[in-house]
Amino acid sequence: MSVPGVKSNPLILALPKGRILKDCLPLLETANIIPEPAFFDKDSRLLRFKTNDPGLDIIRVRSFDVATFVAFGTASLGVCGSDVLMEFDYSDIYAPLDLNIGRCRLSIAQLADTKNKNLEDPARWSQISVATKYPNITQRYFASKGVQADIINLHGAMELAPVLKLSSLIVDLVDTGSTLRANGLQEIKTITQISSRLIINRTALKTQSAHVNALIERFRQLVTLPNNEDIS
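Numbering-wise (UniProt numbering), the sequence shown opens with residue 1 and increments by one.
Treat each hint with caution, since some may be false.
Subject to a maximum C-alpha distance of 16 Å in a straight line, what follows is the list of computed EDC-like cross-link-like pairs (lysine to aspartate or glutamate) [what the hints assert, rightly or not]:
#: 1; residue 1: 17; residue 2: 65
#: 2; residue 1: 206; residue 2: 92
#: 3; residue 1: 133; residue 2: 65
#: 4; residue 1: 17; residue 2: 41
#: 5; residue 1: 133; residue 2: 150
#: 6; residue 1: 189; residue 2: 175
#: 7; residue 1: 165; residue 2: 150
#: 8; residue 1: 133; residue 2: 87
#: 9; residue 1: 50; residue 2: 36
#: 10; residue 1: 17; residue 2: 43
#: 11; residue 1: 133; residue 2: 159
#: 12; residue 1: 22; residue 2: 41
#: 13; residue 1: 50; residue 2: 29
Using C-beta positions, here's what the derived DEER-type ranges look like [as the list claims (entries may be wrong)]:
#: 14; residue 1: 181; residue 2: 54; range: 46 to 52 Å
#: 15; residue 1: 160; residue 2: 213; range: 43 to 49 Å
#: 16; residue 1: 41; residue 2: 222; range: 22 to 28 Å
#: 17; residue 1: 186; residue 2: 48; range: 40 to 46 Å
Hints in this document: simulated from the structure, not taken from any laboratory. C-beta: ideal position from N, C-alpha, C; glycine also.
Construct the entire structure; sequences and hints are all you get.
Okay, here's the thing in structure tokens:
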């Protein structure tokens, strides 16, 4: 469904690869946003795809990159985890809808055979080493507890860090916890609950308001949440 008056250059919707993309597909179908067949071809190397709406294209990028594409205006809207929004805190992003998908939690974990310590007692946590791909969130969290955290930035295989004595703790996304348990770790503290949001570039919201708002409303009709909060 196209919107009258839409400019010839289509809006771009940035979607994350992986688990969240799988959760997005039923929402897209219900919203009558149908990507071209190449989008579903696992062998396709395309990254940008047309849809049944001539005013909307889709790009498929890494989850951390969705927010960057939207913040810089190269994509007008996207689907992004609240963990990414908290980590980068882009001022040019407006997040009007919690899509109620990609739910998990951002948690602290340590080796299961380590004596558990009280994270609320700064005296016992004067300085620690933490491996994570969320250095900003992690630094802010431990600073709020009066703890100096030495951050080790990793982008994968986080569970190996305590096992190989690279760090004492990790901060990472946790769903079922099975990966932690399989690698001898235990979850000891939840920092925050995570879900995926519809995010909008603020400039696009002003300059292409009719089309952008029409898309927001199509997604809004799909989600009913008691606390539909903004992260902005």
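Evaluation of the provided hints:
For a cut-off of 16 Å, the pair hint linking residue 17 to residue 65 stands: about 10 Å separates their Cα positions. At most 16 Å may separate the alpha-carbon atoms for a hinted pair to count; residue 206 and residue 92 meet this at roughly 12 Å. Note on residue 133 and residue 65: the hinted pairing holds, with a Cα-Cα distance of about 13 Å set against a maximum of 16 Å. A distance of roughly 14 Å separates the Cα atoms of residue 17 and residue 41; the hinted pair therefore holds under the 16 Å criterion.
With a C-alpha separation of about 13 Å, the suggested pairing of residue 133 with residue 150 holds against the 16 Å cut-off. For the hint pairing residue 189 with residue 175, the CA-to-CA distance comes to about 13 Å; that is within 16 Å, so the pair holds. Under the criterion of a C-alpha separation no larger than 16 Å, the hint pairing residue 165 with residue 150 is consistent with the structure, at around 14 Å. Simply put, residue 133 and residue 87 have alpha-carbon atoms about 9 Å apart, close enough for the 16 Å limit, and the pair holds.
Between the alpha carbons of residue 50 and residue 36 the distance comes to roughly 6 Å, so the proposed pair stays at or under 16 Å and holds. This hinted pair checks out: residue 17 and residue 43 have alpha carbons roughly 14 Å apart, not beyond 16 Å. Restraint check for residue 133 and residue 159: satisfied, since their Cα atoms lie roughly 12 Å apart, inside the 16 Å limit. Our distance criterion of 16 Å between C-alpha atoms is met by residue 22 and residue 41, whose separation comes to about 14 Å.
Taking the CA atoms of residue 50 and residue 29, the gap is about 14 Å. The hint holds against a cut of 16 Å. Range check, residue 181 to residue 54: about 48 Å between beta-carbon atoms, so the 46 to 52 Å window is met. Checked against the given bound of 43 to 49 Å, the beta carbons of residue 160 and residue 213, roughly 46 Å apart, stay inside it. At roughly 26 Å, the beta-carbon separation of residue 41 and residue 222 lies within the given 22 to 28 Å, and the hint holds.
As the Cβ distance of residue 186 to residue 48 is approximately 42 Å, the hint placing it in 40 to 46 Å holds.
Hint compliance for this structure: no hint is broken.
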